[in-house]
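Enquirer: Can you build the whole structure from these sequences, using the hints too?
Chains as they are written, first to last, in UniProt numbering: chain P, 1 to 388; chain V, 1 to 388; chain X, 1 to 388; chain S, 1 to 388.
Incorrect hints may have been included.
Here are the computed lysine-lysine pairs in the DSSO-like style, where the Cα-Cα straight-line distance is at most 27 Å [to be verified]:
#	chain 1	residue 1	chain 2	residue 2
1	V	K334	X	K345
2	P	K252	S	K345
3	S	K388	S	K205
4	V	K259	X	K334
5	X	K388	V	K388
Some chain V residues close to chain X (C-beta under 7 Å, calculated; not the full set) [stated by the list, open to error]:
#	residue
6	R94
7	L185
8	Y186
9	H209
10	F346
11	V348
12	A375
By construction, these hints were calculated from the structure, which means they are not laboratory data.
No residue lacks a Cβ here, since even glycine has one placed at the ideal position from N, Cα and C.
There are 4 protein chains.
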Amino acid sequence: MQAKTIPSITPERFLEIRSKTEQICSSLEPEDVALQPADFVSPPKWHLAHTTWFFEQFVLSEFDENYKVFNPDYAYYFNSYYNTVGDRVLRAERGLMTRPTLKSVLDYRAYVNAHMASFIQKGLASDLEDIIEIGLQHEQQHQELLIYDIKYIFGNQPTFPTLHHTVPLTAEPQTQDFIPVEEGLYTIGHQNEGFCFDNELGQHKVFLHAYNISNRLVTNAEYIEFIEAGGYEDFNLWHAEGWDYIQNEKIKAPLYWHKVNGAWMQYTLGGFTAVDGHLPVVHVSLYEAFAYAQWKGCRLPTEFEWEVASSQFNYGQLWEWTNSAYLPYPHYKKVPGALGEYNGKFMVNQMVLRGASVATAKNHSRATYRNFFQAHLRWQFSGIRLTK
Amino acid sequence: MQAKTIPSITPERFLEIRSKTEQICSSLEPEDVALQPADFVSPPKWHLAHTTWFFEQFVLSEFDENYKVFNPDYAYYFNSYYNTVGDRVLRAERGLMTRPTLKSVLDYRAYVNAHMASFIQKGLASDLEDIIEIGLQHEQQHQELLIYDIKYIFGNQPTFPTLHHTVPLTAEPQTQDFIPVEEGLYTIGHQNEGFCFDNELGQHKVFLHAYNISNRLVTNAEYIEFIEAGGYEDFNLWHAEGWDYIQNEKIKAPLYWHKVNGAWMQYTLGGFTAVDGHLPVVHVSLYEAFAYAQWKGCRLPTEFEWEVASSQFNYGQLWEWTNSAYLPYPHYKKVPGALGEYNGKFMVNQMVLRGASVATAKNHSRATYRNFFQAHLRWQFSGIRLTK
Amino acid sequence: MQAKTIPSITPERFLEIRSKTEQICSSLEPEDVALQPADFVSPPKWHLAHTTWFFEQFVLSEFDENYKVFNPDYAYYFNSYYNTVGDRVLRAERGLMTRPTLKSVLDYRAYVNAHMASFIQKGLASDLEDIIEIGLQHEQQHQELLIYDIKYIFGNQPTFPTLHHTVPLTAEPQTQDFIPVEEGLYTIGHQNEGFCFDNELGQHKVFLHAYNISNRLVTNAEYIEFIEAGGYEDFNLWHAEGWDYIQNEKIKAPLYWHKVNGAWMQYTLGGFTAVDGHLPVVHVSLYEAFAYAQWKGCRLPTEFEWEVASSQFNYGQLWEWTNSAYLPYPHYKKVPGALGEYNGKFMVNQMVLRGASVATAKNHSRATYRNFFQAHLRWQFSGIRLTK
Amino acid sequence: MQAKTIPSITPERFLEIRSKTEQICSSLEPEDVALQPADFVSPPKWHLAHTTWFFEQFVLSEFDENYKVFNPDYAYYFNSYYNTVGDRVLRAERGLMTRPTLKSVLDYRAYVNAHMASFIQKGLASDLEDIIEIGLQHEQQHQELLIYDIKYIFGNQPTFPTLHHTVPLTAEPQTQDFIPVEEGLYTIGHQNEGFCFDNELGQHKVFLHAYNISNRLVTNAEYIEFIEAGGYEDFNLWHAEGWDYIQNEKIKAPLYWHKVNGAWMQYTLGGFTAVDGHLPVVHVSLYEAFAYAQWKGCRLPTEFEWEVASSQFNYGQLWEWTNSAYLPYPHYKKVPGALGEYNGKFMVNQMVLRGASVATAKNHSRATYRNFFQAHLRWQFSGIRLTK
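Expert: In structure tokens form, the structure reads like this:
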């Protein structure tokens, strides 16, 4: 990751971003925070601690000579990159750790926040600003994952608990237009103003053939048509791999949807509610997005088509599946060190999503932002924009 | 289950037994109670609620006409026998339910306790006494399982939390004698005084050939000898199935043991501590008990040999593996109804353990008590007594 | 295993028993002999070679000083007991070996047969007679397994091939009587005349309470009644473990049964044919046998009840599930050496079957014979006799 | 698929291509042809029959009114695209079918060949030429898969059989040069002369930034350096997913390699032999190719870089992993009907390989040919070309 930090790092900005994480979690009970119901989910407590560990490890322990580590074991418990063989008797598995308690983790956050605020107050060298900026961006990424994971934890138990921090969708204009884009040579990637991640760099030229892209996302009403037309039963619409996946998992609708007495209902963080046909469809996999597009005689945009056209439509409610695999840009360079191996190692068997979502932290995304998930995942806030 | 209830059911006895469950859990944090780290483990919260549901379902809802159910959904959440297809959108899975909270479950316990105390106070018909007695015995079984499950939850995370309610072992006399028992026709099974479970009934005669049985359990020091003599590497000592199991699971020592700097350490509810050679070895599977006995040129007793000789040695610290499969006694009868199908359906591929353990509720066991677990399980408090 | 060999070992008897194995396989194609469609199945070629290896390894290589091993690699390919870590680059997995060819294996059989015949002709010491007798009994066990395995290979492919060597069942008298047996002390186990396996030894006394046992096996017609009465859908009839098993495996009828246009059909070695209601039901698991007996208000006999009553009914068409776990007799002793560890290591989580089947070699079984399989297995020729 | 058929379809060309398939299989034994040792492998017999079924189904049954189907069940047994629910009692699973025999399948081939030759002789409409051309290309694809699958079947059994049809590699010039390619707009895709598959169509422009590509493949000697430098133990070199894969599968070297007495040996279709350092390394996954390139400070080419530079180096011994995911070209169109859904449905989670291999049928590949496999697969003849 590289950062040209605008705005700069101040104690106020630092604490404001950090406090957002606690706000998301403010209505959680201690019972909610230690569970990992699926491989791709982390317990909320882990997010709270792991983001804190980042600042302790890469800033305070290294650059603040008076800093005393809050608890030396936490680095071991909450470090996602820990890949060498440990000398400890037990491996820390995220989903098995009931301790430390939520309270201890919140104390840890407060402790590190206080030290960071003092440390920032004293003034920062430019490379330290970069590291802290990365830490804040990292915090915001985990804020979004927190929302995904809490929704998954709540949405897969029969009590359907609600979260104070709801992230409602709003209806887009229902009229659909296809915006034409002309063929030509376009510039792709981040232009080095403001922060970006390493995977957006390597600005380069891409030649695009002419295409048309929808001004809005696919709606629930449209998606229900697809379901009712037998979309989930027609293997011709699906990737072979996607077809096997929905058969094995018995998938017949987006995640969190349930048919109750003939009506489509869904779990949201605000509660169990009827599916609103005017809202964009959310929680679909790449497989489902692809099949839907096939059924409509359209296709998904590539990430380049999306980026080039993005100034011509509104986006930001849902991450939008593209038909681009997550691969390095031509001039992509791995930054050395632990911070550096951040993105490159995921560049196989993942698909790019562009945009942002109602769960994304404010100012965290941009038109060049490359999000990525495996094709079968659905717990992220993902939607569909058609191209042809 | 059948019950000739001595002592009788009083509000005091009812509340005393019930309160023991809360005592076991008193030092748990809310974070600890919702986790299910293995199939054979239930979350502590589930035990707390499920035992309560028993009294609500089989006593109050059926016989107390003024009783108002605490929460109608709880029957669905906390009913282990629920086997028909539900009409609910989501299956209640024990390990996924963060809600209801621990506090709600404790409120549920208090509510049901209060109603039960009043109900008992009014006087009980004899068959109701039987049902409540079964409920209390059921409560005590779950008290023991709670201790197993808490130990498993705590013993499989790197923080190794401790529990206020420790259940320490004490050393037996170290001298080993083999008590001789003559061949003859013996009576086996419960004699119908005091409570017993259905699987103890069907008193019957068994002819035993002469045998000798140890006056004490195998110690940690003896078991370490077995380990160091390569017992876990010599497939001739093991059942074929046991050998495959320890290979697949990479088992080299009892559960909760760790070799740290050349010394054997173990997790106990009181903390991480050195293995004491004088104490009986605990947390071994039937496979390990069998292999140890083979290595010593001995064997495990049958459950009949154990029962006949049990008056001649002390027992009660650990459940003792027998080489008897868990099968019905000759006159075993299934009691009709939901309470009746309690034990018979488990009578395949399980092995009998006899005795009791430091985790067993007071007065809950007896010489005829037939405990049973699958041969590979180790999280119960199980030990080894030799026979030859 | 111990053997008091009657009749004695002659070249004629040796070759006659051995040739039976080739007869069973005589209508197989080379394509049929290398496949292993399930863990519990061995390829026919493996049986042909493995039984031969026994005589080469334990007789010729050890006692015939002029013998030259047919192929030194065969010991490695066809030795089921091979449990130490090999120095070869690849593990021999039965189901992956297309080579050596069937022809090579038949050559191997002829070569070893010729040497064995000459060797026997020269006269044998008594302990050598014992080893060869065990080899012949071992050969007969594999003859039966061959029939199971060929049926499984043929019965699980859409072409449903037939085998020249069919093993048809015949109808028993359809009238059912329950033979009463009085309570008393009975002697169980082999009396040391004629050959027996180690698990039959340790003759001992068993006290039996009075019981009644059916004069015939359960028929297909009776079993169809159970199916049509919803036996496979009523979890109260099943072991908990059995219920899970039939749910997971979607089992609704005995193995090889198919409902075609409303009629029950089954694959037999003679072809795909209608189920004949008068014949005994075959290819059921212990779970199914138990559930059927529950449904009839009966139970399965113990192996002791079966053995004591066996002189009073006809048996031999199907192995009969008992409700006894496979465990050692009181005086059971492990015979030292490779031949010795034959049976004891399987004595956990298996159930005993008594009798013999149409697939059993002539003179291979007897009233004390203890066959055993895991409770879920169905590819063996197993049936049901009721007790009450 | 679309085809401008040059050369045209004649009985001679048809029979010549078809006979190549039998030639590859000519030294197989019947025992070799029915086995499926892994999901991605098909039994040789299946390849022989399936390619024949293509001509029966899409040509003879549809266009030759006198044609009588060889065996009506074969369509069911040998049709890989069969995706609707069948009415047959048993699903045809490729790896379980010992019947029909090899001889029957060869008779099937001869029968269809004779009818096809007569049919072609009578003259063909242009669209029929296209279909037959696709059938022949399909035959050639299966010829290559046959070689992969036979090698896998032979290379995973301890006997290491050899195949008459060996496909030896030859050493390239050992000097390594990096060929520079200038940035610019290039045309990618097939130009519609001669046959191509649908995935090569949609000719389009791609802008490439400047790069340098190796004149030769990575050699065994170079790859051994990587192994000995600890390449398989340094997780920094690997995709996260690749790292997990090699840990789980315990992969430490290319497929078919074995270290024997300190020297690297490998199974080839010609036998078990020492690894020759001068030859190109083969049987590596995309993960291994990527890690090797990382270790060398290089990268893999994209499929576009490969295609543009391909006229400047020799290729054809091994398929070359590119760092391009297998995705549709801009103007990619699904051809309607069963033949049409050929390629598009695999366009997710696969990586493109370019070139051809020693196992590829003559004239079957070209510079625009897009082969594809999942990133973890290694049984195909895949090698590594570096770019920087």
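Enquirer: Hint by hint, where does the structure go against what was stated? Just the numbers, ascending.
Expert: Failing hints, ascending: 1, 4, 5, 6 and 8.
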